[in-house]
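Number of protein chains: 2
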Amino acid sequence: MVKQDRAVRTRKNILEAAAKIFEERGYQAATIAEVLNAAGVTKGALYFHFESKEQLAQGVLHEQDQRFVIPGRPCKIQELADVVLLHAYRLQTDPMVRAGVRLTMDQHAEGLDRSGPFLRWSVVVRELLDTARSQGELLPQVVPSVTADVVVGTFAGVQSMSQTVSGYQDLQSRSSALLRHLFPSIAVPSVLASLDLSESRGEVVYEEIRSRFEQQPAAAVS
Amino acid sequence: MVKQDRAVRTRKNILEAAAKIFEERGYQAATIAEVLNAAGVTKGALYFHFESKEQLAQGVLHEQDQRFVIPGRPCKIQELADVVLLHAYRLQTDPMVRAGVRLTMDQHAEGLDRSGPFLRWSVVVRELLDTARSQGELLPQVVPSVTADVVVGTFAGVQSMSQTVSGYQDLQSRSSALLRHLFPSIAVPSVLASLDLSESRGEVVYEEIRSRFEQQPAAAVS
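Taken in sequence, the protein lines are chains G and S.
Letter by letter, the first sequence follows residues 1 to 222 of the UniProt record's numbering.
Letter by letter, the second sequence follows residues 1 to 222 of the UniProt record's numbering.
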């Protein structure tokens, strides 16, 4: 158990160092030597977990969209809003999330399959919309697979625009505006009237998840 | 006049070569020597028009959003749709447009102010929405400056997602889906019912503009 804990910590160290290097240098320019240096681990330890620069980048991409699980909500459109607004909040505060987004949007990252996060997010959103449909939350013309891609693609663009014009400072208000523009084409009016799409929602959800973790016994957290 | 024509052609050659190099190599890796080589012009000619790599990139960015002017439409929401759908069509067919988009989304282009296209597009969309409001086309809650940024940011993201998952092959259907999701939150129902937001709209508008050019006397075209 102790050995496994150490391996998990080492892997986490390496990914955090890789996130930092990829964010600073871009995929093409970044080297494994720089990641080694930033992580302070041996070459053997790094290659035990990741065999190549691409595997490191895939590790960062996978980590950033797996890290936080939104509490289930009775209203699935609210749950979708929470996924988007929490991600916006975390993008301002978590280097791993920022690095993952940069890798995904890096059109010059040759040899790196960047479609993973787009496709994984699409599946997450699609599943939420399928449940929303079965609960009667969706307007009749909505096709969940099409709408899922619109939600994922549009949110990626709002992130890019916010990064470019304000260094993510206005991301939460832009994300709230995005949802207020998309959801009237997706959800029935009674659902719309019940939603919290405010700018501060991401931070509220973040604190909710944190306090749940803190209430759990220590063994369950590691 | 002849001298001026030659200067215009040289500038155009240089920008097309720069577009190709920036698209292939990314901003950071691209060099002025590569642009010189691809354009087949003298160093003196290039520096007469552009003093630095950044000026070349700004030239490409400026060119891609100035090149095509949409015919005015009585319905300004249709005109906005035409701007978006024509751009989607041209992104598939014009290297200058593709290079401009890549530069704008290149988060590792250090020292290059990439906010220009976002902000210029926002102004274009904002003006269309202001006119739409004065004509009674907008729903009462719409704030044109906020909605303009949502349209520009979301379209940028749909482009990125399309580039990543299909090399722009599905951009026209994704752009059509984007507008069908956004416009019900923006336009009054009678306007919505009159719109053409179909996938083929971009090509239709492109052919319309081309045929107008061809009908003009040759002197006006150069």
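Treat the hints as calculated values from the structure; they're not laboratory data.
Possibly wrong hints are sitting among the right ones.
To give an idea of the chain S side of the interface with chain G (calculated C-beta under 10 Å), a few residues [claimed, not checked]:
#1 Y47
#2 V124
#3 R126
#4 V152
#5 M161
#6 S173
C-beta atoms are modelled at their ideal positions from N, C-alpha and C, and glycine is treated no differently.
Status of the hints after comparison with the structure:
Because the closest C-beta pair between Y47/S and chain G is about 26 Å apart, greater than 10 Å, the hint is violated. Hint status for V124/S relative to chain G: violated, with the closest Cβ pair at about 15 Å, above 10 Å. Hint status for R126/S relative to chain G: violated, with the closest Cβ pair at about 14 Å, above 10 Å. Checking V152/S against chain G: minimum C-beta separation of about 7 Å stays under 10 Å; hint holds.
At a threshold of 10 Å, the smallest CB-CB gap from M161/S to chain G is about 4 Å, leaving the interface hint in force. The beta carbon of S173/S comes within 9 Å of a beta carbon in chain G, closer than 10 Å, and the hint placing it at the interface holds.
Of the numbered hints listed earlier, those contradicted by the structure are 1, 2 and 3.
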